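Combine both chains into one complex, guided by the hints.
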Amino acid sequence: MVLVPLLAFVLAATSVRTRRSAANMAMFGAVTTFALTLLIAWGLTRRTTPFQVSYPYLNIPVAFTGASNFQGFGIDIIIRVDRLTSVALLVVELCVIGALAWHRVMGRAEPGGPRFYALVSTLLFGSVATLVSYDLAELFAFWGLAGAATYLMLAQRWGSIEASRSGRIALALPFVSDLSLLCGIAVIYSHYGLQSINSVVPILHRTAGVGAKTWTLAAILLFVGVAGRLGLWPLHIWLTRTAPTAPPAASAMVQSVWSVVAIVVLYRIMPIIAAAPTQTLRSLVYASAIAAVAAPLLAMVGNEPRRAMVLAGSGVAAIGVALVIYSYQASATTLAVFGVLGVLAAAPARAGAALATSSIVAAMRTSDLAEMGDGWRRMRATTTALLLASVVIALSAALAVPLTAGSRTRFALAIGEAVLLVSIAAIRVAIAVAIGPLRRRRAFEPDRVREVPRTSVGWPYWLVLAGVVLAVAMLFPSWLGFLDNQPHKAATAAAVGIWVGVVGIGLLLTAFAYGSDKDGSLRASAALGEVLRKLLGRAAAAGSRFLWEPIAAITERVYELIPKGDGGLAQATAASGRLALAAARAPAVPLLVVIAVVLALAVGLATPGLFR
Amino acid sequence: MMLAAIAAATPTPAGVPGAGIFTSPLILSLTIWVPVVVAIVINTFPNPRGRYDTLMKQIAFFTNLGIFFVLFIAYHLFETFLPTLQYEEKLPWLPAFGVTYHLGVDGPGMTMMMLSCLIGMISVLASWGVRERVRSYFTLMLLAQATVNGAIAAHDMFVLLLFWGAATIPVALLILGWGGPRREAAAWRLVGYWGLGTAALLVATMTVYAASGGTSFDMDVLFKSALTPRVQLGAGLALIVAAATRLPLFPFHGWVRDVYSEAPLGVSVVIAGTASRLGGYLLLRGLVAADADASRLLSPLLAALAAVTIVYAAVVALRSVDLRWAAAHLAMVPGAITVFGLAALTPLAIAGSVLSMFTGGLAAALIVAAAWVLTDRAQSRSLSVLSGLAPRMPILTWLLVLGALGLLGVPLLASFPAETMILFGSFKTQPIGAFAVAAGLVLTAIALAVLVHRVLFGQPNPDAPAVSDASLGETWYLGLLVGGLLWVGLFPSGPKLPGTDLPIFDPGLINVMSAGITDIASPYVQPAPTAAQ
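Taken in order, these protein sequences are the chains called P and Y. Per numbering that gives the first Met the number 0, the first sequence starts with residue 0, numbered consecutively. Per numbering that gives the first Met the number 0, the second sequence starts with residue 0, numbered consecutively.
Hints in this document: simulated from the structure, not taken from any laboratory. Note that this is a predicted model, so its numbers are computed, not measured. Cβ coordinates follow ideal geometry from the N, Cα and C atoms, glycine included. Among the hints, erroneous ones may be present.
To be verified - Simulated DEER-style distance windows between Cβ atoms:
1) P/Arg164 with Y/Ile503: 35 to 41 Å
2) Y/Ser381 with P/Glu548: 53 to 59 Å
3) Y/Asp292 with P/Glu548: 41 to 47 Å
Claimed, not checked - Which chain Y residues stay away from chain P? Per the calculated CB distances, all over 12 Å, these:
4) Val35
5) Phe222
6) Thr374
Same shape as in the complex, but just chain Y (with noise of 0.2 Å):
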């Protein structure tokens, strides 16, 4: 009913930009229903002794494959010039309330949604290897993609928490219901901490709802409203608060170890590539395109969370005593950079965090993978026990090398590009965080190469258990987000034909992100200096 509505309310656009073959409105809304439709279907579909599991997976992968199919076709027909929303849908809902079903995309956040899209299709590859309660299984996965999806594309604050506050719920039923020994410390520690941050963002929503006047909660009359810096200072810290509970930052990183340590598989991607990118995503939007002088006043702030959590990060990985602990740690280092980019407040490094999300997102997604598989096959988690597996298991080996060097922001991945804007556009605003995250890197690179040494290439240990390297399946999935950072990597800005700029297959997610990213980083532009020093 609410499908039918959306498309009764909203006219057929004839010039909504981005719309090009589609004549419906209704790509955003479909990313979000489609899968909790097919959870509905899915979880009411009778499946006598498990008969029918292995369609259910394969309905759940067509699923994600068919709406990442949609979206790439929108992804191409997206206009990269206009910095205004794309694939709009308005529709009152609550209009006492002033809240509006509305969702819309720009640049950034067409990318996150093609990121959440990609992960979503690689988490149900990663989950192929559930036999337990199938049907639940994949019904709670596909809630889960449905409510990041929303949370992307929400445009009206109310919405936004929503679908924030909602994707907890599947996430945490998940790791209770299928993860390793210690899932219930795993999923209470999530809830606590998601369920903090979820608290803060109703903080912030409800207080700037409130010093706004109370009319609407649509993020264009929220944030345009005047605000008294006793409030942009209280809703920002709220919203670092639930950014931080998500991404995570330290000190709301509590619930990164046990998680993403218990959590199964494809959990663990959803959690590692999109869902932790949520947080960069709402500082972008609630913060840096919101409020220009909570930014300010703020950023010094989020440069030291992110230079501590870099450094934190790298140290209790090289410390660590089991290697799916290490990875989550590590795992927080894309965030941290992300939340960088942003601190620095310049247009490069604002549009270095928005790549930065996606790379992010990716090489998070896979170092984590690829830890959690390599421990699977290698029956042990023990850092003491893991050495030199390197010749038993080669694709891993691969595997986890090229997510190391994801992180590190290696040429010829996506994270080089990311991470450069994000340093060249931070030097001039803030210097010592630029100096103190480029320390933490190199931490970070010695915690990996301290990993990688001892459980790849050390002696190997005549006690460990039998070693087999990755199945086909698991070589295509952590091969996909392999390929996602190579080939945004070799081609930021498309492939194009030779002698000529016509793009081949992909305009470029480079030149999709730009869109939208002028119009946040305007209040940022410093102006031509006019004498020299």
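Okay, chain P solo, but in the shape it has when bound (with noise of 0.2 Å):
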């Protein structure tokens, strides 16, 4: 299952030539694996116990004294799938599936075909290979790759200068977030000498030398690791920019792939991450929801459609994480499974809604919502599909609060003005499309417009019901059960209408404003999407003056003098060998004595007492 989408990439890479086998090699490998993890998750259903297996990568012996973890260093590759794994793997699959079919209809123009689709299965690999893993160090080898094929799909579009730009800024934040999870994963290993997770958390207590610093400077430094990969807020440029240069289906992947990944290997550390103070939970709890309120909130900033979406899914995800660490805060860790489902049941609904908004803006030919309009007459499949996937992203984090947040607490209020924000954020993109006068612009026929060919409209569709199916499943305890082996209450029909009840304002909301004013509402958001654009213009501005440049401006004179100075050694090295050759062919006595006195002169000069 691991290596099949390996297999792929190699034979993309070496074999074919042409777009179309190329994707038929990446649609291969991903099917493949798809059907090898229903295997799996078959078998699964038939035992209690996970699939494990080891095999050792590197093992060195450094020392023969001190404490036994640390006289040896060994990578294992460690693969273990569970019930929770494997449900990750198929929502993973399931996503690159679906935006692999969208692509190979509508990502006939994209350039580099065969490359696009043989990082498709690198990306495959790498987050599968990730989802897998248990060893530290293996698990970020894995999340690794992932992330340069990631960066490779994001700035796919090399020709294009935006493109490029945007692709620098996908290379550079995350992989400062990819250094931080590196750095914290270090940080265990610096102080217990051993990475494999399950053997980690036995002794993260018990291991003398340790204590609240360590645990903390972990926790953050992971934190942030995962954080970066989720698209949190402020960690989020990297989607939105890339969200409009790069391939629709590769911004689909990515954002759906790297919330289960990410997510997931947040759950699988947490107790890691959980050895840290109270405080220090805390504070990550108000981060996490931060993020969900401030991500949803910038979503209405600005009329890009694309990124919207990416902001609301951004939204979700925040929730999930900010829902994960607060069980553990909360010692009610078994709910913590809630907030990896809904980022799951999300992610597909994600990919669906990028699919189906780049079909729309690709067909209306502009980015801008306050000229897109009339999707529901002239688009009408693309546009519903739109608005379901907006509703199940809003839903699956609405569907994972009840039992966890609970409806009293302010922690509770947090979350429900976030998923409020994010019903907002996501439907508001999918009204403003569908209701309105598509408007005539030059070089622009509206009645030209048409909806996306019929072999491309469904794949939206599979993804939503993917999404709804996932959503749906959170309400029965069985489920949840049989995931994590826990025992889990269902939520009362209460709990959960409050919540659906905050989604379903958070539409009416959105539908009375837009029906009412659309353009007046895209007015504001423009607005303010312009207020937003130079305060970022001006602090990149600030920071490029003061930062950026100084750095530059200082390595640029020290690279200058260098060599100038190593001439003028050099320069003067010459002249000292030329003076020795003068001084050798002078009369012999006229030049002693000048040594003589020049001698004299310095001793004199330098002895002590002469002053006195």
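Set out below in structure tokens:
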């Protein structure tokens, strides 16, 4: 299951030449992986223990004395698949298959077809391998590989300057968070000498010399590492900047796949993060809650629809993270699975929303919601898919909350606000596209807008359906118990009703606002977006002026000084050589007199007590 | 006569570790003196009007291949559980001064020898296109390789110093004789900086020699003597200067730009692949393994130099206008990572440094060589001209991208375990340095991305000269570098028969490398903590 996408990549990179054959190879790899995962999932229904296998990759003795854990270093390839992991794998593979199938038709004009499909296989390999890894170094290795493939996919449109600029952000920002993850793992290793999650957790509090500072540092580093790939505010920029410039299928896959991978990894390493003091956990919960509110708020600023959907999804991811950490902070660890399932349910819906939005943007030839409209009439299927996806995104956040946060705590209020904002942010795009006139523009005739080809219109629906199934399944305690082998109780109908009601309120508010004055609403968003753009521009200019440019200027000065310096030294050396040669040719006696006088002066001046 | 003397002085080793099928203890001397002898033979061989140019190239190649083959068997027979020197040769040379012709390798030494011989082979292949004064060229190349091998195998500081200093001459002559338009500046810069390094090494050696009683230059004696803190500090600083000029580290990197851009390709490969790695090897042998007190005192300085070097190299590469200059500065990054691992002074970080000398040599050679070939094929070095070359140069695209990934330590490549071990091993003792190095790696990644984007995947430049992809020969030797990175990255412990621990073909570089590391790292092992904080 793990090696199939790697094999697909190798074959795609070495043998296929045409777009179609590359697409077939990638699809074959993804479908085969999906089938094998189904087989494994079926096998897990017949046993309670996960499948696990381990291969030694690296084992080196480095010392014969000292703490036993540090006398050797080893990285093992530990592949472990439990029920939750198998569901996560299925979600990832489904998102990749859906996006691939859509891209086969809608991505025909994208440059570098074979390269793109090879990278998709690499991303699938990296993400699958990360999900099944239980050794921290191994996990990071595959995480890094998936990250490299992600960057290359998002920067696929090499010839475009805007795409390359966005691609650099897609490289730099996640790379910083990946390094934070690596540093967190390094901190854990440097104190425990172990990397297997199952080995580290039992000794977290039983190792001498390790205390609160270490746990806090590790918790923060690990959290930042995961948050970056989840795209939590303010680490979301790499997703929002690349959403308009990357191939839509790439953006869809990256958003959905990384949300699943990162939340599952967070869930897996939560026992390590939870070793930190309660204050640290509380701070992480606050940070997640702030991100959950800030992201959908930002989604309502500006009229770029793809960016708005990314931010809405980021809000859901933040809610999931907040629920996971809150569960541990409140010592109700069995409820953490809700946070994971909320994100899992949203992932295919996010992918479907990204594909549908991109179809609409391409058909209407604008990325400004103010210029879009009449989608219900002209592109009903795609618009409906977008609408359903938006609802599922909002519902997946809402249905994860009832048992975890309750409804009367401050945390629940914050999350409630976040759910409301997510629902507004998500549905806003669908409503703005669906209603109102599609205005005629220069070189654009609204009557020529058509629905997307039939072969690709269905895939967003399939993805949304998967999201619906996963979202509704959260209401069944037996499903939850099946996933994590823990007892769960069902949420009351009232609690569920409250949270669904929050989503409903959001939908109604948006429908009312846009239904009564769509242009006014979008003008307000555009104005806010312009303000934000100016603020960010000023911040970037300040950063460049006070940080980057001085560093670059100092580096350039040093870069020029060093060759000048050693050139000067060389000239001085050559001059001294010429002097020596001249001295050798000069008459001896006068030369000796001169040298004696110079030496006498030098010694005399240097002698202590001369000027007493 | 010297070889005969060695054979006579050192008895046939019945129990010498690692001898195995070899009954002669001359392996290390072979790797040094066979290239010298062949160089002399080539140079005295008549070659009217270049008639035997190809034959000379073949002789040079098969010499390197033969040495690599012999060394590979020695690598296979290396006893991985012995921390002491293997394939040892010891012969009194200048007994009045305590100089012995003492050669030997432990795990790190064996790793460096393998790197040197592999790079030697690749550099000959990379030099196949040389047409002028072929005889002189390959004579000097073989001499350069011999001096590098000698510096690695030497276990007497005087002998090491001789080989260290001797490496400068053939390399400088190669640049002067076959380099690009600015070869004179490049050669003189190299002589200046490497000469400074040699002088610093001389100062360090003589200081320690004098302070230890002036009886012997043998490392086993020299480094065991008790030195005053002032002597330790002085010698340590001098060793750092010597290593920094060779690796190079900021601010002793002034030769890098000119040398890598003006030197012939084969020479650039040798310098980037092995000659520069000698700096890290010197720090390992002369500082970390020799003097724990001085190492601890100077480790913050080393860590700072490493971090500054990485950041500086990345920023310069980002602002560079010449592809070869950018690659030259990026080639500094692996050396800085090696030094950082040595600065961390933990067993794991030291082990990671040893591995990173090997992987860094391959990665640096690959990035420099790939940039060199690409600029040669594209007939321009300017980044304002080179743009969108990927569709027309698919092979070089792959090679340059893999070189970039090798520098970054991407999983599946050999630099990943090396950098992981260094970072994991350094967090406890050098956390700030580790963060700084990590930040430097981020900048390096950005610099590489910008470079790769612009040169390979940007909009094709209609005004650019005609380009052609790498030839079969170029693909081969660059592919060998990639192959080395992939092989060790996929099988660091060597491939094994499925279900067993039996190695196939390769005992594993990690296993060979680890012999001797426990001894080197033993002063730095932290005791098990006794109380919870």
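Hints versus structure:
1. Taken as a hint, the range 35 to 41 Å is violated for the pair P/Arg164 and Y/Ile503, whose Cβ atoms sit roughly 47 Å apart.
2. One distance hint, 53 to 59 Å for the beta-carbon pair Y/Ser381 and P/Glu548, is violated here, with the actual separation near 23 Å.
3. Roughly 43 Å separates the CB atoms of Y/Asp292 and P/Glu548, a value that falls within the hinted 41 to 47 Å.
4. Its beta-carbon lying about 31 Å from the closest one in chain P, Y/Val35 satisfies the requirement of being farther than 12 Å from that chain.
5. Taking the minimum C-beta to C-beta distance to chain P, about 20 Å, the non-interface status of Y/Phe222 holds against the 12 Å cut.
6. Residue placement check: Y/Thr374 keeps its beta carbon more than 12 Å from all beta carbons of chain P (closest about 20 Å).
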